[in-house]
Amino acid sequence: MEPLKNIESLAYISPEIVLVVFAVVVIIFDLFVKDRESDWVAYLSLIGLGCSLLAIFVTNSLVDTNEPISLFLGMIRLDGFAIFFKILLLLATAATILFSLRSEELDVKLKGEYHALLLAITFGMFLMASSTNLLMIFISLETVSLTSYILAGFLTHSPRSSEAAFKYITYGAVASGTMLFGLSLLFGMAGTGDITQISSQIGTVLESGDVSALGVLIAITFILAGIGYKIASVPFHMWSPDVYEGAPIPITAFLSVASKAAGFALFLRFFYTGFGTPEILQSIDWGLLLAIVSALTMTVGNLAALPQRNVKRLLAYSSIAHGGYLLMGAVLLTPEGLGAIIFYLIVYLFMNLGAFYVVVLIANESGTEMIEGYRGLSSRAPYVAGAMAIFLFSLTGIPPFAGFFGKWLLFNAVISKGLYWLAFIGLLNSVVSLYYYARIIKAMYLESAEDTDIFSFSKSTLALLGVFVVPTILIGFLNIFYSLSGKITLQ
Amino acid sequence: MDQILLSLMIFVPLLGMVVVFLLPNDREELIKRVALAFTLIPLILAVYLFIAYNKSTFNIQFPDSVVWIETFNINYHVGIDGLSVTLLLLTALLGPICVLASWRNIEKGLKAYMALFLLLETGMLGFFASLDLFLFFVFFELTLLPMYFLIGVWGGPRREYAAIKFFLYTLFGSVLMLVAIIAVYLNSNIINGVVEGVRTFDIPELIQRATVEGHALGDSGFQKWVFLGFFIGFAVKVPIFPFHTWLPDAHVEAPTAISVILAGVLLKMGTYGFVRINMAMFPEGLDYFTNGEGFIGHSLALLGFINIVYGSFCALAQTDFKKLVAYSSIGHMGFVILGLAARNAEGINGAVLQMFNHGVISAMLFLLVGVLYDRAHHREINGFGGLGNRMPIYTGITTLAFMASLGLPGLSGFIGEALSLFGAFQEFPLLTILSTIGIVVGAAYFLWTLQRVFLGALNPKYEELPEINRREILTLVPLGILTIVLGIWPNIAIDMFSESVTNLVNIIRPI
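As given, the protein sequences belong to chains A and B, one line each in that order. Each step along the first sequence adds one to the number in numbering that gives the first Met the number 0, with nothing skipped, and position 459 is 458. Each step along the second sequence adds one to the number in numbering that gives the first Met the number 0, with nothing skipped, and position 378 is 377.
Every clue listed holds true.
Covered stretches of chain A (in silico footprint by chain B; criterion: 3 or more residues with CB under 8 Å from a CB of chain B, positions within the stretch not fixed):
{"no.": "1", "region": "397-403"}
{"no.": "2", "region": "438-445"}
{"no.": "3", "region": "475-488"}
Just so you know, the hints here were simulated from the structure itself, not pulled from any lab data. Computed from a predicted model, the values in this text were never measured in an experiment. Glycine included, C-beta positions come from ideal geometry on N, C-alpha and C.
Extracted from the complex, chain A is given alone in its bound form (with noise of 0.2 Å):
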């Protein structure tokens, strides 16, 4: 199908539309909201982010998913899987928004600022999750990058968030750079931004012997920087645990679940779409490479996890190790990793949201990260100790949890292709994950605190726990979620 024009685009991205108006009106609103303690900024945003969730339906209902749209003349395509990302992204900045309500650490007077910000950075995933176009891409991505540096250091009276900020941004304009540089290479030897051409174009001037396959190795690895640094992968990982220690709770959340999505969105749109016929490239075992980078990663993330005290930093350690064990997904290009990939990002939006959910509530209760405040917590405050023992035992993947159902799909994905290694290691990994998952069960439910007194949280407080806790339990067990990723394609 030909691409769209411009003006016939825009009504096949009514979503980002709305998300662009609400974070301008949000701004506008705060102007005139008197009482800086009113949340009345969250439920704007909330209701700007419902919309644009109608709007996505809407637009689901004018696509065919077998017939993906190209919109402004191939920079962007709508098709199942950028719906598919679309409505993972939402949720995870609804559920941001609301973890911010809840939390006491964010200044009242910026209100206005951070919202605006989140809807904006969804808009920026949105266009990451649809970009068919090099620069596109790089447009999207920075978009993102710009404004999770801004989140990062919003805690204004908090040094460790602005170190936080500071390290990203130092850490992500060499990354961007090096991607960008790696995108002008891929551009100047290929002739063309669009991907779905490049591989066919790239194919033609490596016989030709125009362009060395050196040249398009190097091109790439160039952008591998990028989009690893976006998910962070090793070694572009150093970033991550820094910036999710002295970020506000509700951001690691976010970045830890949302940014990493988008993160693998591009990766997976850029190398199924760009590179799904991987013969022009057969110089390189790229899959290896892969497999390497994913094995690192989810180990160097769970052995660093090993010996944290600090619970937020331990989750940022063990969000890197996730990120290892979807890149598994992603090793051999095939259709099943993409769909493992796709189970396993609606498991891990739900469980590492709630861990992090549980992180500031406690946060606020005890007022500490660290492990000792969740001491004795089974009987200070039995619900929300039950919930975190459920999310970990989730991320470490016990049956009868999601995670474990997620990771089964990894597994199978990879061993499907007799990559029997990668699942040796990726296994070995969920055993060393328990050892410090466990460390914090253990004091909930094995130690006891010296202070006692109970907590108390409000009924919609437990409420939105229990939003969390039953997708936890309930996803493997429905069939639904099966036949939904297996039916997301990219072309």
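Given chain A, put chain B in place with the hints provided.
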């Protein structure tokens, strides 16, 4: 009706968990009674299944199958054969006994304790009944979580260490098993390198496919390493040397009822899985490790032998009553391994019978240790003496359990071990003769313990030690009766599974 019976049995304890969870915290008597009721229902159902089971065939009975994850052809498929019905009965019997054994000595969080125990029971029952490899694995792992908490929260002084050690060891074993399961699944529809039909997790179907000429599952190289993957998973659970070190820790720290479940049922999960998967599905792999050349070719029998001798000598060295019983478990599970390694009808029948008998006898032993511990608050064997006068009934029951465990003819322990040895002798006479050292040492440590605890002069500290009470007797009597009945008339049990075992032997040794 028959169709849902098995599922009812599996999920009644889960329902019980929900009910217990909804009860108010302070109604402790009510919580205990409800938990007891929800463990009695599976027992009644298990007894019914045991009676209704048609012994004259090895076919799967009371099957139930519901599509679970259609995309991957995963089904909720349960059913029983002679082997599983025997172990289901054991599990269901130990359920209410353990609830009774926890009646007085759980000091904190009774509600959570009972809820977790009921969850554990669902996991165990589901494991023995499941006929879908995926479901099998899920139930296998489902026992880990409650066990971790039951040891970790309600255990002794070193409970945290013991709980996480148990968890890590078992998880390590089971991830290897998971790789093997996925490999089996992915190869389940490949014949002569060509894809035929759909992949499956169905255990009977897989066993059948593995026998098809040219099927990827039947490939001997494939069978060898998949066998190993499953084997390590189960070996940790049994536990087979050198994967056994979690067991003494877990047993010593666990509360009495949990030790009972651990020794009585959880260890059997390892050997049951070995019979159900390793032996039936991978006869080539089995052949390689039991009927080959040199050390590798006899590795299973060797491991059984090591378990017997090593476990028994370790038990001899213990001065902690509970640790002694724990090591004796390692020794007695060695007979199961040895019997299975023989791969003949006598050996396997003996091994399965020994699984059941050991479940009953070790449960008794741990209950008895618990009775003493509840009174004296220590388990140091040398700290007692002369209790025979003070607690004659207790002494009598303990003597019965000791005699059954050391293999006195006329009691159930003897039959299982003897049959295992008969079977093993036909295959590897030297190892079998050496293994009998374990029996001698077993007699030595039990008689020596009997002497140190019950004979001699009464320690003045324990002049007021109260006799075993009615509730405690109630937990021991059914088990005691079983050891006597099965000792005299073992055919009640053997008849149940002999057809299934014959069928298994036919798979392993095709005529």
